[in-house]
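Going line by line, the protein sequences match chains A and B.
Heads up, our numbering is the position in the first sequence plus 6, with the first residue counted as 1.
Heads up, our numbering is the position in the second sequence plus 6, with the first residue counted as 1.
If you are wondering where the hints come from, they were derived from the structure by calculation, not from laboratory data.
One or more hints might be untrue.
[What the hints assert, rightly or not] One side of the interface only, derived from the structure: several residues of chain B facing chain A at Cβ under 7 Å:
id: 1; residue: V14
id: 2; residue: G17
id: 3; residue: V85
id: 4; residue: T98
id: 5; residue: M104
id: 6; residue: V108
id: 7; residue: T125
All C-beta atoms in this analysis are idealised placements derived from N, C-alpha and C, irrespective of residue type, glycine included.
There are 2 protein chains.
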Amino acid sequence: MSDLEVIVEPGRQDIVVRRGFDAPREVVFRAMTEPDLVARWWGLKDSETRVDRSDIRPGGTWRVVERMPNGEEHAFRGVVHDVTAPGYFVRTFEYEGMPGHVMLETHRLESDGDRTLYTAQSVFQSVEDRDGMVASGMESGMAESMGALDEVIASLV
Amino acid sequence: MSDLEVIVEPGRQDIVVRRGFDAPREVVFRAMTEPDLVARWWGLKDSETRVDRSDIRPGGTWRVVERMPNGEEHAFRGVVHDVTAPGYFVRTFEYEGMPGHVMLETHRLESDGDRTLYTAQSVFQSVEDRDGMVASGMESGMAESMGALDEVIASLV
């Protein structure tokens, strides 16, 4: 049973996601940032994900393309503001299908015995942008991706 | 008389700044981004500003250091998410004295005849971070910087 929490408070401009993973944070960090590993868990079950770039250092750029079963492609990209492996990275996030709407994501990994507690905060330019993301089915998509991430992590330990 | 507007709505996580400049946006954009020009207007009147980096392209990094009359230095840094000169740039912003508190800034320059209308939005990770920025005297500091920016711009046209 996953302990995924998605916190969306009325009127705020952010979403906070919390989840535990059954592995040390070094492993979770790798799975969240290395291109070959990200491609294995990002996106919906039936889509195919390709990681064009995942350069996790300040000023590094990242781009992920999700190819849907009908052939449509959805691309996401941003830059890395800061990183302190394996506990912290901050980056921007933009869906290329809605250019000009940018988010700031802060990812934290904390050790809890053999487990890792993951907290991600996404800050949006407006409440409307945030609510649009929630309405797009973000929570179920994230639950699916995090489940796939569990499998990637299990293959690494 | 400056038309500076600083919009801080209760409970939101952002600040919006609007101001007009008496020059075409190509000139305003240069003054806002070129290192030698930024050093001339950034910060308080009695401080000395040095621009370590101002690499305005996606993934470019920037860093500005303000040296106060008493010798204290305050440094600010971030990365550029996106830029479309001379109308748009998005970057992150972090005051090195409060590490881990990051903002997302969106800057827009619109032509209005011979003038330029500038709109900047800063999104904070929390309402508290935003209110702290406001309480630090941000509005009067910004009015001072924008006045100095007027002079830099006037020297370019």
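Here is what the structure says about each hint:
no.: 1; hint: V14; result: violated, 14 Å
no.: 2; hint: G17; result: holds, 6 Å
no.: 3; hint: V85; result: holds, 5 Å
no.: 4; hint: T98; result: holds, 4 Å
no.: 5; hint: M104; result: violated, 13 Å
no.: 6; hint: V108; result: holds, 5 Å
no.: 7; hint: T125; result: violated, 12 Å
Going down the numbered hints, you'll see the structure goes against 1, 5, 7, while the others check out.
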